[in-house]
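Student: Residues per chain are reported as follows:
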Amino acid sequence: MLMDALLLQLGYNATLVAIGATLLGISAGVTGTFLFLRKRALVSDAISHATLPGVCIAFILMASFGGDGRNLIGLLLGSAASASAGLWCLNWLTRNTRLAEDAAIGSVLSVFFGFGIVLLTVIQTLGVGRQAGLEGFLLGSTAGMLWADAMVIAVGGAVTLLLILLIRRPMTLVAFDPEYAAARGLPVSKIDMAMMGLVMAVTVVGLKIVGLILIVALLIIPAVTARFWTERSDYVVLLAGLAGGLSAYVGAAMSASAPNLPTGPIIVLMSFALFLLSLLFAPNRGVLAAVLRHLRFQRRVHLRQGLLALAQGQPIYEKLTLRLLRRGGLVRADGVATSIGKARAAKALRDERRWAVVRSDHAHEAAAALYDGLRQIESVLTQDQITEIDRQIGGPKEVLA
Amino acid sequence: MSGEEFVPLSLTPLLIGIFAAVACALPGNFLLLRKQALIGDAISHVVLPGIVVAFLLTGAISAAPMMLGAAGAAVVAVVLIEAIRRLGRIEPGAAMGVVFTTMFAGGVLLLEQTDTSSVHLDVEHALYGNLESLIWLDATGWSSLLDPVALAYLPVELSRMALTLLAVSLFIAVFWRVLKISTFDEGFARTLGIRTNLLGLALVITAAVAAVAAFDAVGSIIVIAMFICPPAAARMMSNQLEGQVAWSVGFAVSSAVLGYVLAGYGPLWLGAQDAISAAGMIATVSGLMLAITARFGPCRNRSGAPVGV
Numbered sequence: 001m002l003m004d005a006l007l008l009q010l011g012y013n014a015t016l017v018a019i020g021a022t023l024l025g026i027s028a029g030v031t032g033t034f035l036f037l038r039k040r041a042l043v044s045d046a047i048s049h050a051t052l053p054g055v056c057i058a059f060i061l062m063a064s065f066g067g068d069g070r071n072l073i074g075l076l077l078g079s080a081a082s083a084s085a086g087l088w089c090l091n092w093l094t095r096n097t098r099l100a101e102d103a104a105i106g107s108v109l110s111v112f113f114g115f116g117i118v119l120l121t122v123i124q125t126l127g128v129g130r131q132a133g134l135e136g137f138l139l140g141s142t143a144g145m146l147w148a149d150a151m152v153i154a155v156g157g158a159v160t161l162l163l164i165l166l167i168r169r170p171m172t173l174v175a176f177d178p179e180y181a182a183a184r185g186l187p188v189s190k191i192d193m194a195m196m197g198l199v200m201a202v203t204v205v206g207l208k209i210v211g212l213i214l215i216v217a218l219l220i221i222p223a224v225t226a227r228f229w230t231e232r233s234d235y236v237v238l239l240a241g242l243a244g245g246l247s248a249y250v251g252a253a254m255s256a257s258a259p260n261l262p263t264g265p266i267i268v269l270m271s272f273a274l275f276l277l278s279l280l281f282a283p284n285r286g287v288l289a290a291v292l293r294h295l296r297f298q299r300r301v302h303l304r305q306g307l308l309a310l311a312q313g314q315p316i317y318e319k320l321t322l323r324l325l326r327r328g329g330l331v332r333a334d335g336v337a338t339s340i341g342k343a344r345a346a347k348a349l350r351d352e353r354r355w356a357v358v359r360s361d362h363a364h365e366a367a368a369a370l371y372d373g374l375r376q377i378e379s380v381l382t383q384d385q386i387t388e389i390d391r392q393i394g395g396p397k398e399v400l401a
Numbered sequence: 001m002s003g004e005e006f007v008p009l010s011l012t013p014l015l016i017g018i019f020a021a022v023a024c025a026l027p028g029n030f031l032l033l034r035k036q037a038l039i040g041d042a043i044s045h046v047v048l049p050g051i052v053v054a055f056l057l058t059g060a061i062s063a064a065p066m067m068l069g070a071a072g073a074a075v076v077a078v079v080l081i082e083a084i085r086r087l088g089r090i091e092p093g094a095a096m097g098v099v100f101t102t103m104f105a106g107g108v109l110l111l112e113q114t115d116t117s118s119v120h121l122d123v124e125h126a127l128y129g130n131l132e133s134l135i136w137l138d139a140t141g142w143s144s145l146l147d148p149v150a151l152a153y154l155p156v157e158l159s160r161m162a163l164t165l166l167a168v169s170l171f172i173a174v175f176w177r178v179l180k181i182s183t184f185d186e187g188f189a190r191t192l193g194i195r196t197n198l199l200g201l202a203l204v205i206t207a208a209v210a211a212v213a214a215f216d217a218v219g220s221i222i223v224i225a226m227f228i229c230p231p232a233a234a235r236m237m238s239n240q241l242e243g244q245v246a247w248s249v250g251f252a253v254s255s256a257v258l259g260y261v262l263a264g265y266g267p268l269w270l271g272a273q274d275a276i277s278a279a280g281m282i283a284t285v286s287g288l289m290l291a292i293t294a295r296f297g298p299c300r301n302r303s304g305a306p307v308g309v
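Chain order of the listed sequences is L and W.
Residues 1 to 401 in the UniProt record's numbering are what the first sequence lists, from first letter to last.
Residues 1 to 309 in the UniProt record's numbering are what the second sequence lists, from first letter to last.
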């Protein structure tokens with residue numbers, strides 16, 4: 001069943017939903033990346049909550065003019081209008097008052113959402129029929145997606161992607177270094193506004209699929225996921241689009257394959273699964289990589305200390321050190337150094353002496369700064385320099401023990 | 001308005017609203033100053049899975065396990081946010097966004113999977129709250145306040161919210177000095193030997209307790225709004241922490257009263273029949289107050305100096 005869904009074999013409607021969701025996931029991932037890099041990820045939360053009153057007002061207006069209150073384009077226009085009002089309030093509060101951005105976000109989202117709920121109850125009491133579709137905007141409802149809805153979402157997603165493609169350079173610059181961008185003569189506030197406009201577009205388009213609370217997840221999670229895998233901003237954007245699209249596609253397919261699996265939450269949980277995988281297993285920035293790095297470092301320190309102890313004829317009690325030395329064939333089972341071990345120990349001790357010379361000599365200041373007790377001296381100095389140092393130290397001595 | 005109508009229908013929801021608003025606004029002051037204002041938002045989203053899990057485990061709608069579940073979920077969320085922030089070296093806002101949306105999604109999924117929506121635990125109820133339903137049907141008038149029989153049937157939410165408010169106030173009062181120092185100068189607080197990490201955690205847990213109690217009684221929207229709007233409005237009115245907290249309590253109480261009255265009687269004045277959502281109206285009123293203070297408050301500017309002095 002799931003296989004059928006993944007291969008788009010579950011019929012017309014499920015296919016429509018899957019394609020629409022995937023497009024939305026891609027544009028949300030890509031747009032959210034800029035928001036994340038600009039460190040304003042939670043602005044999307046305010047924007048999404050601020051859409052509710054607009055949806056309700058649009059519904060009331062359309063219904064009172066005798067139309068079908070659930071016309072998707074009308075509702076989307078209404079949500080876009082109230083989301084921009086919320087965004088304006090957010091900007092005004094952060095610029096003209098002493099409130100920090102997080103407080104401004106919180107107040108905008110709670111007040112707009114509260115007002116939206118007031119309007120929802122107004123709609124209930126108005127008694128205009130056919131309001132059923134409206135609750136879908138809170139939590140998303142894809143089951144009833146029509147061809148027209150899918151087209152709105154597809155076109156909206158495609159336009160968003162195109163716009164991002166056009167202004168990605170300035171947006172990246174502003175995200176990483178707004179001061180430099182301003183100094184370069186870029187209109188920073190306008191670019192910020194364009195970015196917010198894109199986020200708003202994605203939010204508004206996404207309302208139908210995942211609902212206004214969970215669209216925030218699609219804007220934030222894929223971007224954070226992608227950030228684990230690369231240090232290059234253009235790759236982050238691409239990977240975020242991929243992660244968003246993949247989780248939306250698989251999520252939509254899974255929700256189509258079984259009853260009682262609401263699309264929005266499943267998509268969010270899918271993207272969280274990708275996030276978790278990245279957090280744990282990404283190279284360099286992942287948890288596993290960090291643990292391995294730590295273990296490797298620990299081994300090097302222990303091995304080095306063990307060799308120095310051998311060279312100076314000190315007894316070794318550390319179990320890990322002994323095990324490492326034995327495994328490397330540097331000591332015998334009874335703790336006596338092998339010939340390789342003696343050679344390596346002599347070398348380690350000699351390197352230590354060489355480093356001591358380097359660190360006390362101002363001529364080697366740059367090299368001395370690299371001393372961390374582990375670095376091979378050959379990786380820092382040339383053979384000539386080492387020979388010169390050796391002349392100061394004197395000839396090699398045999399290691400006892 | 002006569003007591004016969006007011007006491008059974010409006011007194012208890014009004015009191016519950018006021019208690020909830022103040023209980024959230026008090027810790028909100030500190031969260032706001034510590035730039036953790038969105039913790040309230042995060043908590044109110046993550047308690048949903050906690051409540052659902054508690055319901056699934058006990059199989060009954062009873063207050064204690066649900067509040068435990070919600071509080072547990074709040075703690076899990078705080079720990080998860082911190083873990084993700086540290087392990088992944090992600091900025092706190094994004095880490096919070098990842099955690100609360102995921103946990104909320106999990107909660108919605110659990111709800112749908114287990115078909116608990118039939119038992120008053122539906123998502124909409126949790127989001128909007130239903131302050132109007134917390135009526136005290138056994139009251140007949142003001143005299144009922146002295147009548148032990150009628151008092152026995154007070155909505156449990158009232159006493160629970162009052163207790164929560166008491167606990168929150170106690171926490172703030174007892175730790176006032178250390179909270180103040182560590183909020184404004186964490187480094188200095190640490191040199192005084194104050195365990196700022198522990199204190200910060202205690203503050204968040206207090207906020208979570210207030211949020212969970214209010215969430216159960218009046219829905220999440222009041223929680224989010226009251227954590228932020230009254231303290232933010234109060235911040236425009238005073239440069240002293242004492243003044244800010246006092247103003248915030250004033251704003252919280254007046255938004256609760258005004259919001260409730262507007263929701264209950266506003267439509268009647270406009271000629272409509274039914275009341276509208278009180279929780280939403282309270283949030284709206286608190287936002288209007290914030291808007292007014294943000295425009296005209298004496299301390300609204302970032303410099304901190306009162307305007308025109």
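Since the hints were made in silico from the structure, they are not lab data.
Virtual Cβ for every residue (Gly too), placed ideally from N, Cα, C.
Hints are supplied without guarantee of correctness; some may be wrong.
One side only, chain L facing chain W, incomplete, derived with CB under 8 Å [what the hints assert, rightly or not]:
(1) G106
(2) F113
(3) G114
(4) T125
(5) I213
(6) I220
(7) L274
(8) L277
(9) L279
Student: If a hint holds in the structure, say so; if it doesn't, say that too.
Tutor: Tested hints:
1. G106: Since the shortest Cβ distance to chain W is 4 Å, the answer is holds.
2. F113: 6 Å, holds
3. G114: Status holds, d = 3 Å.
4. T125: 4 Å, holds
5. I213: I213 of chain L check passes; min Cβ-Cβ to chain W is 6 Å, inside 8 Å.
6. I220: Cβ of I220 of chain L sits 4 Å from chain W, so the hint holds.
7. L274: 11 Å, violated
8. L277: 12 Å, violated
9. L279: With a closest approach of 5 Å, the L279 of chain L hint holds.
Hint violations for this structure: numbers 7 and 8, all remaining hints satisfied.
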